[in-house]
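Chains A and F supply the protein sequences, listed in that same order. Under the working numbering, the letters of the first sequence match residues 27 to 136, in that order. Under the working numbering, the letters of the second sequence match residues 16 to 133, in that order.
Hint data in this document are derived by calculation from the structure and do not stem from the laboratory. Even for Gly, the Cβ is constructed at its ideal location relative to N, Cα and C.
From the structure, some residues in chain F lie toward chain A, with a derived Cβ separation under 10 Å:
#1 17
#2 24
#3 74
#4 109
#5 112
#6 121
#7 123
#8 124
#9 125
#10 126
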Amino acid sequence: AQSVAQPEDQVNVAEGNPLTVKCTYSVSGNPYLFWYVQYPNRGLQFLLKYITGDNLVKGSYGFEAEFNKSQTSFHLKKPSALVSDSALYFCAVSDYKLSFGAGTTVTVRA
Amino acid sequence: GAVVSQHPSWVICKSGTSVKIECRSLDFQATTMFWYRQFPKQSLMLMATSNEGSKATYEQGVEKDKFLINHASLTLSTLTVTSAHPEDSSFYICSARRSRASGNNEQFFGPGTRLTVL
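Working from the sequences, and respecting the hints, build out all of it.
Below is the structure:
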């Protein structure tokens, strides 16, 4: 069975500081990993995905994620956070169906 | 490309009535659509997987007679909440994916439908 874990319910950072949202995965075979962001009362917006290739994946809105096979992690990062990055972030793994993590609420204070 | 729409975006209904939610892939053909349910500040829970032209596959614990899913075309799937009750109030999100043969497991999400049952 495939699964992802987001160990932090909430992440708080000051604007301009680096932002990291953690995700670890458990799969049999090659992982297809995704990050999505959700703003209040909205659907999910795709940020980035890892299928194969470079371990550092660049995505939308200045986000990137590093795939680490030995640590089974796929942490989301942004070098300089904005207040507008405040939202709910989901990590997900897919073979055919998507399995989502519990979500991490990011709050960026001005 | 890869836009998915949902209609309505929000709906309020009386207890005991039925509500239909539409999910459309606007610029691609979706052989598979997924329906999720999300409670406030929680993750998405997969309700069912719908393949065009066949019956939906429901996740464990989801009542198939309560949540009727139809995927009659490659661009449209509908979720009907029958005899809705207040506990059915939730945020319902659909997603769509292209042919599995494309080798890409990516799903494209609709904007969600907020259902409130009074």
